[in-house]
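Chemist: One letter stands for each residue in the lines below.
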Amino acid sequence: MTQKLSNAQIAWRAAQDIADGAYVNLGIGFPEMVAQYQPAGRQAIFHTENGILDFGESPAKGSEDWDLINAGKKAVTLNPGAAFFHHADSFAMVRGGHLDVAILGAYQVAQNGDLANWSTGPKGVPAVGGAMDLVHGAKRVAVITDHVTKDGKPKLLESCTLPLTGVGCVTRIYTSLAVIDIQDSRFVLIEKLPSLSLADLQAVTGAELLVKAPFADLIVPEL
Amino acid sequence: MDKTVSNLPAAVAAIPDGATVMIGGFGGSGAPIELIHALIDRFVATGHPKDLTVVNNNAGNGHIGLAALIEQGMVRKLICSFPRSADPVVFTEMYLAGKIELELVPQGTLAERIRAGGAGIPAFYTPTAYGTDLAKGKKIEEFDGRPYVQERWLKADFALVKAHAGDTHGNLTYNKAARNFNPLMCSAAAVTIVQVSELVAPGAIDPEHVITPGIFVQSVVHVPNPQQEETLNRANAVYSGAVQP
Numbered sequence: 002m003t004q005k006l007s008n009a010q011i012a013w014r015a016a017q018d019i020a021d022g023a024y025v026n027l028g029i030g031f032p033e034m035v036a037q038y039q040p041a042g043r044q045a046i047f048h049t050e051n052g053i054l055d056f057g058e059s060p061a062k063g064s065e066d067w068d069l070i071n072a073g074k075k076a077v078t079l080n081p082g083a084a085f086f087h088h089a090d091s092f093a094m095v096r097g098g099h100l101d102v103a104i105l106g107a108y109q110v111a112q113n114g115d116l117a118n119w120s121t122g123p124k125g126v127p128a129v130g131g132a133m134d135l136v137h138g139a140k141r142v143a144v145i146t147d148h149v150t151k152d153g154k155p156k157l158l159e160s161c162t163l164p165l166t167g168v169g170c171v172t173r174i175y176t177s178l179a180v181i182d183i184q185d186s187r188f189v190l191i192e193k194l195p196s197l198s199l200a201d202l203q204a205v206t207g208a209e210l211l212v213k214a215p216f217a218d219l220i221v222p223e224l
Numbered sequence: 117m118d119k120t121v122s123n124l125p126a127a128v129a130a131i132p133d134g135a136t137v138m139i140g141g142f143g144g145s146g147a148p149i150e151l152i153h154a155l156i157d158r159f160v161a162t163g164h165p166k167d168l169t170v171v172n173n174n175a176g177n178g179h180i181g182l183a184a185l186i187e188q189g190m191v192r193k194l195i196c197s198f199p200r201s202a203d204p205v206v207f208t209e210m211y212l213a214g215k216i217e218l219e220l221v222p223q224g225t226l227a228e229r230i231r232a233g234g235a236g237i238p239a240f241y242t243p244t245a246y247g248t249d250l251a252k253g254k255k256i257e258e259f260d261g262r263p264y265v266q267e268r269w270l271k272a273d274f275a276l277v278k279a280h281a282g283d284t285h286g287n288l289t290y291n292k293a294a295r296n297f298n299p300l301m302c303s304a305a306a307v308t309i310v311q312v313s314e315l316v317a318p319g320a321i322d323p324e325h326v327i328t329p330g331i332f333v334q335s336v337v338h339v340p341n342p343q344q345e346e347t348l349n350r351a352n353a354v355y356s357g358a359v360q361p
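Chains as they are written, first to last, in the working numbering: chain A, 2 to 224; chain B, 117 to 361.
Please note: incorrect hints may appear among the correct ones.
[Claimed, not checked] Distance condition first, Cα-Cα at most 27 angstroms in a straight line; then the derived DSS-like pairs of lysine-lysine:
#1 A:124 - B:215
#2 B:193 - B:255
#3 A:124 - B:292
#4 A:151 - A:124
#5 B:292 - A:74
#6 A:140 - B:271
#7 A:75 - B:292
#8 B:292 - A:62
#9 B:271 - B:255
#10 A:213 - A:154
#11 A:124 - A:74
#12 A:74 - B:255
#13 B:215 - B:166
#14 A:74 - A:62
#15 B:193 - B:271
#16 A:124 - B:271
#17 A:5 - A:213
Since the hints were derived computationally from the structure, they do not count as laboratory data.
Isolated chain A, as found in the complex (with noise of 0.2 angstroms):
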C-alpha cells in the first residue's frame, strides 16, 4: 500500500460530518486533533469528562490553569458560553444521550459495531477512564483510526479478539483508506480512496465489506 491518510487527514475527514452546536466528545489523543478542523461558519461545543462544556484551544505555555484541564489532563481555555459542572452530571449528559457525537480511537472494530480501545491485554496495569462510558450514550459513536495496525494486520474484523469496550456501539469508522457505516451488524462502504481498488481495501479488512450504493472518492486536503 503506497498512499493512505495522515492522522490530521482523518480527523479533518471526520470534522465534515459534525453539525453547527453540536456537542462532541473527543476521546484522548488522537481524536483531539478533529477539533483543529471544523469547517468554517461551524462551532461545535466540546464536552470534557472532568466537567466543562464548551472548552477551547490550550492557553500559551507559562499561562496554565492547571484547574482548568481536560480529561487527557491537558490545560484548556474556555469559550464565551462555557459551562463547569461535577462528574455525575456530566456522566449524565454522556449516557442520558445528550451528546450528539463521541469520537474516540480503537485497537479493533467489529462488524457488528463492538469495540475494543482499552485493554491490550492481561498484563500491565489496566486503566478504563471514560472509554466504557462514552460509547453509550451519544447518538452518534464514530471512531477514527489506522485502517491497519503497526504490522498490517486489520483493525476492522468479524469479531474483537482484544477486551471489549462496548458492544455494538459504532456507527461509523474514518479510517486511513475509507469511511465505512456498520448496518445491520454489516461493514458497508462509504468512502474509499480514488487511487485503492476495492480488491485491495477488502485485503487489509478483516470481515466483508458490503457496497449497497455507489460510494464515493475519500477526497481530503494536504494538511
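Assemble chain B onto chain A, guided by the hints.
Modeler: Quick look at chain B alone, frame taken from chain A:
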C-alpha cells in the same frame, strides 16, 4: 455553627487504620495536597493510619499527594478508573509487586456509585460495561429491550476534599474544573474534611452560588494558597513527611 478546625493535623487526626477514604480531584485538578500530606505526616510520626482503602479517579502522579500516600505503604486498596498518569511509577511498581489491590471502575460508573452512596440509593443499572470484562459477575437486567449492568453504591468513612471558598457552615464553591468528583464525595462520606483556599463568613457566598451545601461537610480547614500537583511535579518534588523538629 462553626465547623472550622484550626490546623491540618487536627483535621485528619480521627482517621483510623482500615478506613475507606475518598480523595477528591481529577489528576491534579482539585487534589487536596495539604490534607494528604498532613495524613502522611501523621503516619510518619505514629505509624497510623494504614491499611486504607482510597477512592480517587487516578492513582497519583510523581512522588507527592496521592502518589506519596501510596509510596508510604498506607494504602491497601485503590478504587479508581484510570491508574495512569504522566509519572505513575509509584502505583505501577506497587501493583505489579502485588502490594496494593486495585478495583477498576469505569469513570462514569465511579461517579454514579459515589452519587448513589450520598443519595441513599444502594444500587442502580447502567449500560456502561455491558458485555465487557468489567461487568463479569454483575447482575444484568433488561429494561425496554436493552441490557443494563447492576452497580452498587460506594460510601466512605472519610472524604478529603479541596474547595475554593468555604464558610463556617461548610457551604462550598470550587475553582473551575477542580469541582469534578468533590461534591459527590462530600455527600458520600460519613465525615467530610474540606480544605478551603478562602474561609469566609456565613452569607459571604451567595446562596444561589453554593455548589456543595454545608450539610454534606463536617470539618473546614483554611489552607490559603494551596499547592498544585502539576506545579509540584514539574519541579520534581518529593514528599515523605514533614521534617521533624
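Chemist: Hinted pair, alpha-carbon criterion (27 angstroms max): residue 213 of chain A, residue 154 of chain A. Please report holds or violated.
Modeler: Within the cut-off at roughly 25 angstroms; holds.
Chemist: What's the verdict on residue 151 of chain A and residue 124 of chain A, does the C-alpha distance respect the 27 angstroms limit or exceed it?
Modeler: holds (19 angstroms)
Chemist: Keeping to a limit of 27 angstroms between CA atoms, is the pair of residue 215 of chain B and residue 166 of chain B held or broken?
Modeler: holds (13 angstroms)
Chemist: Is the hinted pair residue 74 of chain A and residue 62 of chain A satisfied, with a Cα-Cα distance of at most 27 angstroms?
Modeler: Since the Cα atoms of residue 74 of chain A and residue 62 of chain A sit roughly 15 angstroms apart, the hinted pair holds (cutoff 27 angstroms).
Chemist: Residue 124 of chain A and residue 292 of chain B were given as a pair; does the straight-line alpha-carbon distance stay at or below 27 angstroms?
Modeler: Violated. Residue 124 of chain A to residue 292 of chain B sits at ~36 angstroms, over the 27 angstroms cutoff.
Chemist: For residue 193 of chain B and residue 271 of chain B, compute the direct alpha-carbon distance and say whether it is at most 27 angstroms.
Modeler: holds (15 angstroms)
Chemist: Can the restraint linking residue 271 of chain B and residue 255 of chain B be considered satisfied, given a maximum Cα separation of 27 angstroms?
Modeler: holds (20 angstroms)
Chemist: Straight-line Cα separation of residue 193 of chain B and residue 255 of chain B no greater than 27 angstroms?
Modeler: Holds, at roughly 24 angstroms.
Chemist: Are the Cα atoms of residue 74 of chain A and residue 255 of chain B separated by 27 angstroms or less?
Modeler: violated (33 angstroms)
Chemist: Quickly compare the C-alpha distance for residue 5 of chain A and residue 213 of chain A to 27 angstroms and report which way the hint goes.
Modeler: Roughly 24 angstroms separates the two Cα atoms, so the pair holds.
Chemist: Residue 292 of chain B and residue 74 of chain A were given as a pair; does the straight-line alpha-carbon distance stay at or below 27 angstroms?
Modeler: Judged against 27 angstroms, a Cα distance of about 14 angstroms means the pair holds.
Chemist: Check whether the Cα positions of residue 292 of chain B and residue 62 of chain A lie no farther apart than 27 angstroms.
Modeler: Satisfied, since the Cα-Cα distance of roughly 19 angstroms is no more than 27 angstroms.
Checked against the numbered hints given earlier, this structure breaks hints 3, 6, 12 and 16; the rest are met.
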